[in-house]
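From first to last, the protein sequence lines are chains A and B. Sequence positions in the first sequence follow the numbering used here and run 1 to 259. Sequence positions in the second sequence follow the numbering used here and run 1001 to 1249.
Calculated directly from the structure, the hints in this document are not laboratory data.
Stretch by stretch, here's where chain A covers chain B in the computed footprint (C-beta under 8 Å, at least three residues):
1. 1101-1114
2. 1153-1162
List of simulated lysine to any residue pairs, SDA-like, C-alpha gap at most 20 Å:
3. A:Lys214 - B:Arg1049
4. A:Lys214 - B:Gly1041
5. A:Lys214 - B:Gln1018
Some chain B residues close to chain A (C-beta under 10 Å, calculated; not the full set):
6. Arg1049
7. Phe1054
8. Ser1078
9. Ile1080
10. Arg1083
11. Ile1087
12. Phe1088
13. Phe1094
Every residue gets a Cβ at the ideal spot worked out from N, C-alpha and C, and that includes glycine.
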Amino acid sequence: MINLRQETIQLKTFTLELASRLFRPHTQHWNMIIIGTLRMIRTCLVMVILSSLFVGGILVVVFQHHISFFRADSILGAFASSALLREVGPLLVGFLLSGQCGAYVASEIATMKATDQLDTLSSLGLSDMDLVIVPRFVSIFMATTFSLMLSLAGGIVGAYLVAASLYDMSIYFFFSKFQWLIQWSSLWSGFYKCFAFGSAIAFISCYTSYTAEKSVQGVSTAVQKTAIRNMMALIILDTFTTHTFRGLMFVLKYFGVLS
Amino acid sequence: MKTPIISFRNVSKRYGNQEVLKNITVDIWPGELTFIMGPSGVGKTVFLRLALGFEEPDEGEIHLAGIPLSEMHISELSAIRVRHIFIFQHPALFDFLTVIENVGFPLLEHHPDMDPPYVFEKAKGVLRSLGYRGTFKKMPDQCTVGEAKLVSIARALMLNPKVMFIDEPTTGLDETTRTQVDHILVNTHRMKQCSCIVVSHDVNSALTIGDRILFFYDTQLHANIENPRKFTSHPDPLVNEFFNHGEVF
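Let the hints inform the model, and build the full structure from the sequences given.
The following block contains the structure:
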């Protein structure tokens, strides 16, 4: 049974601890962060490129069926790309990344906990938060955010490749109606989701593994919990970010920041 | 007046319904090589973890270096832990660092101004003095159990601790490495004047090198044996059985 009170206390303590150490310059270990980020990007790069190409391709196939009914083939590229940037791209690739990067970091931290490596840091008068959690949090955030942004570009390329090979579309024809359907807001919406999803995956993976039980079973439970929590968080965040982004756009337009 | 390193006053600890330690009252003094012994599952490791604040007691009070743990802030505890180092039963080497980096890492973290090549040279010296024969650049998963234990002891010694809490240093080691670890304990204790509190099942080591043995049985501190080198028999037959057979039947 979930002990809600204990979980709330743990969550509060972890969040405050992480927030207090995240922006302290002397606790940042940039070499660890850069190495960790590059390692994670390298691990998931092929998967991100492949999956984003196919996600773009799927959207073109699905939309072409309906759009051709209205003889509006010229908007296919822009329509598929808009859907990809605003919704589908970050969400689907986010799911994959939550499994790839999230579970990877969760198993690493939970194993360090189970094998007393985290306690050893404390026993040497060092902080496990500064040396393990903060660098991994920043690494996973940067790696997932970058990968999600990359997946947006990959998705558009995939969409074009499928449109060109299946429906004989030229590159000019594919991109011809982009200025109609894709504004800067579409792009910012995509980036906004990438940041939100990246932060969520990083936080959930670190928190779940850091608070895992100190046992082999604890490691497997942490990995499983991380995958489920990440996916649920992405679905909830997707709805939330769509609405908050629209609200943000409305406010910026109202105050004349955006035309 | 001397302050005890650790002072337990009526300390009890349980996990769920299971009582692990019950009403423990004991002082451990500086300068001693103390062995904590007893059958498996009597709370020896929990005793060490409580002493260094890795767990909190359900009842009673623990003083570490004269300060109550319950009143200590985490930063104070961290500062005290630099001088009171816990060496876990599992060597717990950082698997993303090489052997030499594992040993030098804590010192470099505490003194970022120190020159890394100097620290690594010092680390090599400490490893060699412990009898480590392996290569310095290998990863922890390439070390034998004995080598990993030596590396974890070397890592602690780099910080010049005043007290070392060592959990089962000889478990899983062959006879030669076991003797080697015993020598390290005695040398560290005498040459570096470092107090050692050792959880162990090794009766032979405890009786030959220990200054004091705390015998735990059935969640309680059952016997306190001063000067174990002169130990012949104990009024309690349970203690005799343990020290004659290495286990309580």
